[in-house]
Amino acid sequence: MIQHKKLLLHLYAYQNVQKTPDANQAVIVESKHHECFGILAANDWTVYDGPGHNANLVAHAHGLHLGASMAKENWFICFNMVFVDQRNRFTGSSFKVMGDFQGIAHNGEWAIVGGTGEFAYAQGVIAFRKTQQSERNARIELHVRAMCLSFLRPLLSLGDGSAIAKIGPWGKISADLLDIPTTPQRLERITIRHGVVIDSLAFSFIDKAGEPYNVGPWGGPRGDNKDTRSLRKSLGQLVSSQKIMSNIML
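Residue numbers (this note's numbering): 1 to 250.
Careful: at least some of the hints might be erroneous.
Said to hold, decoys possible - With a cut-off of at most 30 Å between alpha-carbon atoms, the simulated DSSO-like pairs for lysine-lysine come out as follows: (1) K5 <-> K72; (2) K6 <-> K96; (3) K130 <-> K19.
Read the hints as simulated data drawn from the structure, not as lab findings.
Build out the structure end to end from the sequences listed, making use of the hints.
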């Protein structure tokens, strides 16, 4: 089963240029063009959960930014925002981010184009705003809005994809063993014959290939027929309730 989940995160990224004591980016390719055109730099920006000195490191922005405009300073950027905070479930998960920013602009948006782990199949946007900037560093406020897919665990795990394992029957080894001839996909109908006790049982189902099957009746010929009209059940991690509606209330 698949569910959609919405993520809203408020974070702060810190950009420190090279040749500073705490530099977290470095120029790989130099350029003599105006407006930084052609310059390529690698970045490992740090991302915190707040702007203060007591904020916690939660992620790193690993990637590249490239001077991509000859008319004005404009940088194309792509990076993985990898979460490293061991205190929460996001550790090891990542956003795949792409966009651009201008040298003189203080705000904009980057696209979230994918993700891994808790952020699998992420789509969204990061709104950024430079709240502090100098020649040596910048602090960038990030508002992350993303939609991800959450894959719920199946109620019954089939392991490596093999057939469902069957256990039982339990009890004495006597009488005839009655079983269905193929793997079912959907139950269609149940017929119960009973008097004071249940005398026989028969049912119809659709198999994995979509073929109908009728099984039974198993038991004796006595009693009245009671055919199902509908089946209802409540599911959580386990079947919590099940109700069978018949033509006569039992």
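Hints, verified against the model:
1. K5 <-> K72: violated (39 Å)
2. K6 <-> K96: holds (16 Å)
3. K130 <-> K19: holds (21 Å)
Consistency with the previously given hints fails for number 1 only.
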